[in-house]
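Colleague: What follows is each chain in one-letter form.
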Amino acid sequence: MTALEPISELKLEGITKRFPGVLACDGISLQVRRGEVLALVGENGAGKTTLMNIIMGLYRPDSGTIHVNGEEVHFHSPGDAYARGIGMVHQHFMLVPNMTVAENLALGLKELHHFMNLDIKGAAKRIREVSERYELPVNPDAYIWQLSVGEQQRVELVKTLCLGARLLILDEPTSALTPQETDDLIVRLQRMASELAIIFISHKLNEVKALSDRVSILRHGAVVFNGQTANHEPSELAALMTGHDVVLPRNEGSGVQGEALLSVQNLCVRGDRGNLVLDGLNLELRAGEVLGMAGVSGNGQREFADALAGLRPVESGQILFGGKDLANCTPREIIHAGMGYVPEDRQTEGIVPSFSVKDNLILKDFAEPRFSKMAFLRKKEIDSNAEALKERFDIRCPSTSTATGSLSGGNIQKVILAREISRGPKALVAVYPTRGIDMGAQEFIHEQLLARRREGIGILLISEELEEVMNLSDRIAVIYKGKILKVLPAVEATRERLGILMAGLADPDTPGDAQAEVPAGAAHE
Amino acid sequence: MSAELMIYNVLCLAVPFSVALLLAALGENFNQRAGVFNLGCDGIMCMGAFLGFMVPFTLKASPWAAYGNLLGIGAALAVGAAMGVVFALVTVTFRASQGIAGIGLQMLGWGLAGTLFRHFVGGVTGVEGMAAIAIPGLSKIPFLGGVLFNHNALTYTALLLVPACWFLLYKTPWGLKVRAVGTHPRAADTMGIHVDRIRYQALMLGGAMAGLAGAYLSLCQAKMFSDDLVAGRGFIAVALVYFGRWSPLGILGGALLFSIAQSFQLSMQVWGIKFPYEFAVMLPYVLVIVVLALARKARQLGPTDLGKPYNREMRF
Chain Y
0 MTALEPISEL
10 KLEGITKRFP
20 GVLACDGISL
30 QVRRGEVLAL
40 VGENGAGKTT
50 LMNIIMGLYR
60 PDSGTIHVNG
70 EEVHFHSPGD
80 AYARGIGMVH
90 QHFMLVPNMT
100 VAENLALGLK
110 ELHHFMNLDI
120 KGAAKRIREV
130 SERYELPVNP
140 DAYIWQLSVG
150 EQQRVELVKT
160 LCLGARLLIL
170 DEPTSALTPQ
180 ETDDLIVRLQ
190 RMASELAIIF
200 ISHKLNEVKA
210 LSDRVSILRH
220 GAVVFNGQTA
230 NHEPSELAAL
240 MTGHDVVLPR
250 NEGSGVQGEA
260 LLSVQNLCVR
270 GDRGNLVLDG
280 LNLELRAGEV
290 LGMAGVSGNG
300 QREFADALAG
310 LRPVESGQIL
320 FGGKDLANCT
330 PREIIHAGMG
340 YVPEDRQTEG
350 IVPSFSVKDN
360 LILKDFAEPR
370 FSKMAFLRKK
380 EIDSNAEALK
390 ERFDIRCPST
400 STATGSLSGG
410 NIQKVILARE
420 ISRGPKALVA
430 VYPTRGIDMG
440 AQEFIHEQLL
450 ARRREGIGIL
460 LISEELEEVM
470 NLSDRIAVIY
480 KGKILKVLPA
490 VEATRERLGI
500 LMAGLADPDT
510 PGDAQAEVPA
520 GAAHE
Chain C
0 MSAELMIYNV
10 LCLAVPFSVA
20 LLLAALGENF
30 NQRAGVFNLG
40 CDGIMCMGAF
50 LGFMVPFTLK
60 ASPWAAYGNL
70 LGIGAALAVG
80 AAMGVVFALV
90 TVTFRASQGI
100 AGIGLQMLGW
110 GLAGTLFRHF
120 VGGVTGVEGM
130 AAIAIPGLSK
140 IPFLGGVLFN
150 HNALTYTALL
160 LVPACWFLLY
170 KTPWGLKVRA
180 VGTHPRAADT
190 MGIHVDRIRY
200 QALMLGGAMA
210 GLAGAYLSLC
220 QAKMFSDDLV
230 AGRGFIAVAL
240 VYFGRWSPLG
250 ILGGALLFSI
260 AQSFQLSMQV
270 WGIKFPYEFA
280 VMLPYVLVIV
290 VLALARKARQ
300 LGPTDLGKPY
310 NREMRF
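Just so you know, the protein sequences line up as chains Y and C, in that order. Positions 0 to 524 (numbering that gives the first Met the number 0) are the ones given, in order, by the first sequence. Positions 0 to 315 (numbering that gives the first Met the number 0) are the ones given, in order, by the second sequence.
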């Protein structure tokens with residue numbers, strides 16, 4: 000990966016890319032130079048990732064040109080891009096889980112490939128050099144599957160730098176990190192920016208503000224705005240990104256908070272690898288409140304949601320709901336008890352992607368007399384149900400017979416929410432309900448959740464977005480390593496305080512409270 | 000007969016039995032590590048067995064007769080590699096369903112071998128085949144000598160291929176690429192690895208080894224050819240790869256276990272133990288099912304993208 004002069008400028012002109020039925024990039028022109036951080040901002044489906052994959056040579060543009068240092072280039076694979084010093088850290092990590100860090104790097108370092116001999120020591124040495132130089136600690140001999148998300152992120156950065164990248168493309172690099180890890184990453188990137196060029200993709204505008212020199216906004220595959228970051232406020236950028244002013248609704252407090260609805264006691268649940276992921280979790284959800292659960296993903300949230308929905312066996316403990324213990328009940332029993340569930344993975348757990356919208360809307364109730372008679376589905380009822388919900392929840396689809404999987408993430412989520420809410424549940428568990436969803440749909444979903452709260456439904460909101468948790472919740476529970484570290488009223492929560500709790504540290508505001516465990520960082524040394 | 004002698008007999012028979020399975024499964028392992036499972040392995044073995052037999056049979060009276068076996072093995076390797084390429088074309092380039100394509104290839108190989116045999120040869124005819132070579136010194140070791148060191152060249156080759164395949168898979172650049180391509184092809188692609196090219200190479204190698212396995216059956220084991228010579232060993236080989244957790248050593252263990260069961264059931268008949276013959280024949284197959292059902296699922300180490308065609312422009 001040497002020979003050519005280091006990259007000092009990348010210029011895109013008129014890049015256009017079509018996928019069947021979608022114009023993903025529409026005549027995009029961009030420019031970035033060494034020593035500069037360009038933020039690329041846009042909603043989901045705006046074409047950011049597609050554009051970056053074109054730069055990396057993973058996709059071929061239908062038209063348009065790419066210039067490096069003023070010279071036109073045609074990349075046929077990421078290898079070509081790396082040869083010119085362009086590297087990318089993908090949002091979904093590009094690491095082979097059953098190989099070591101060094102092996103993952105060795106894949107891309109062709110000079111270590113000798114006949115019948117792989118210089119794995121050379122790869123490890125290279126990793127140590129780079130990780131020291133940029134202060135990104137990484138163990139070259141660890142298997143990827145053993146590493147936490149934050150560590151994998153570092154591995155990705157080190158790997159990209161080892162491969163000789165001097166222009167870094169970072170695709171939503173903070174989406175899986177804690178607030179502390181995010182701040183830390185931003186500081187590191189700022190330090191690295193002087194000798195590198197960085198394209199930073201994000202829809203978190205405060206990060207964009209903190210890190211970037213310039214910002215370009217993409218909407219529907221086209222650049223709608225270019226400017227100096229310093230001259231523009233986040234709210235201004237948000238409006239440009241969505242095409243309208245965005246005001247995310249807030250929980251204004253008040254309202255009647257009823258008695259305990261759901262009471263979880265000493266819940267222990269095993270994870271996929273057989274270890275205890277939930278280890279004596281206690282939590283209480285009241286009617287008419289939004290209880291936010293904040294935490295870095297991987298601290299037991301998924302297993303907790305699975306257990307509540309009856310999808311994962313409970314080792315011990317109780318889930319009391321309306322006077323009944325739901326631990327180890329079947330999903331059907333739990334549904335009948337009045338629990339609504341918006342799952343984390345909307346594509347595979349929330350819907351059947353190949354089913355039509357109207358069929359997905361009755362997925363939990365198809366056997367009810369309302370929708371079936373003598374083992375036959377009542378088509379008219381199903382159609383009118385779908386039309387009504389489409390209207391009420393603003394589901395944007397060509398027709399209710401469209402395959403649900405072909406809709407955008409926001410609309411799929413509206414289908415799920417419509418199904419769960421229209422069943423009239425007593426409690427609703429919503430897991431990352433707006434993850435990866437654009438701001439317009441996010442606004443709508445938040446409004447819906449708050450409206451249900453006013454109706455007296457108890458809502459458990461599991462999310463990593465502190466913004467979301469703080470805006471919507473009455474109380475916030477912080478989960479860390481399978482336990483609730485602390486429950487605090489939302490009015491007392493600040494980003495910093497939650498961030499510290501999410502990292503497993505003692506709450507600074509209440510000394511002596513909540514036994515601190517080993518700090519998250521210490522385990523990595 | 001003493002117990003020791005009985006065990007000795009069972010083991011002496013099991014080692015040659017395991018060779019065809021071992022060769023085919025070691026080859027299939029490369030396919031699966033690269034993310035493609037080739038159910039057509041059985042059909043490739045049929046063609047390999049046919050050519051391994053046909054070449055020396057045809058050359059019997061020619062001046063080339065001395066090289067008949069070697070040329071037969073070469074032809075089996077070549078036809079196996081060619082069928083691997085056909086399979087790659089269908090599953091990698093055209094991204095057809097691997098299961099269906101594999102069944103198709105199996106039927107093609109099986110049918111073609113049988114048809115060609117009937118057309119060119121007809122009835123049951125033997126070939127001289129390959130003779131056992133006792134390794135000087137080692138074959139005189141009591142017990143082990145007879146079990147391990149008194150076989151034909153292909154048996155030794157197969158046993159040596161176990162460490163060779165391990166080395167190829169874990170210690171060479173090519174093996175690294177194969178493992179990456181089968182587990183996370185997109186990651187491999189972003190590192191500049193040509194996913195399709197590696198899968199083609201792996202399928203060629205796997206095919207060639209399946210062809211060799213077939214040639215072993217006709218040249219060394221049966222010294223003849225018939226339609227049902229392979230008898231589903233290709234499918235057993237595919238199962239052994241799962242059983243062996245995609246590691247050459249595990250595959251060796253599986254192949255030996257299956258072969259011991261098979262040789263045990265044959266020995267039982269020879270010893271005249273009163274046991275329904277049909278049940279005895281089932282024994283090895285039942286064993287494979289039981290073992291596969293009970294095997295621990297350690298997906299972490301396996302090729303997690305097994306069976307999925309890779310399409311670079313397919314969006315998440």
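Think of the hints as simulated: they come from the structure by calculation, not from any bench. Watch out, some of these pointers could steer you wrong.
[Claimed, not checked] With the Cβ distance kept under 7 angstroms, some of the chain Y side facing chain C (calculated, not the full set): (1) 72; (2) 73; (3) 76; (4) 77; (5) 95; (6) 106; (7) 107; (8) 110.
From the three backbone atoms N, C-alpha and C, an ideal C-beta is built for every residue, glycine too.
Colleague: Confirm or reject each hint.
Modeller: Against the structure, the hints:
1. 72: violated (15 angstroms)
2. 73: violated (15 angstroms)
3. 76: Nearest chain C Cβ about 6 angstroms off; hint holds.
4. 77: holds (5 angstroms)
5. 95: holds (5 angstroms)
6. 106: Check passed: Cβ of residue 106 of chain Y comes within 4 angstroms of chain C, closer than 7 angstroms.
7. 107: holds (4 angstroms)
8. 110: Nearest chain C Cβ about 11 angstroms off; hint violated.
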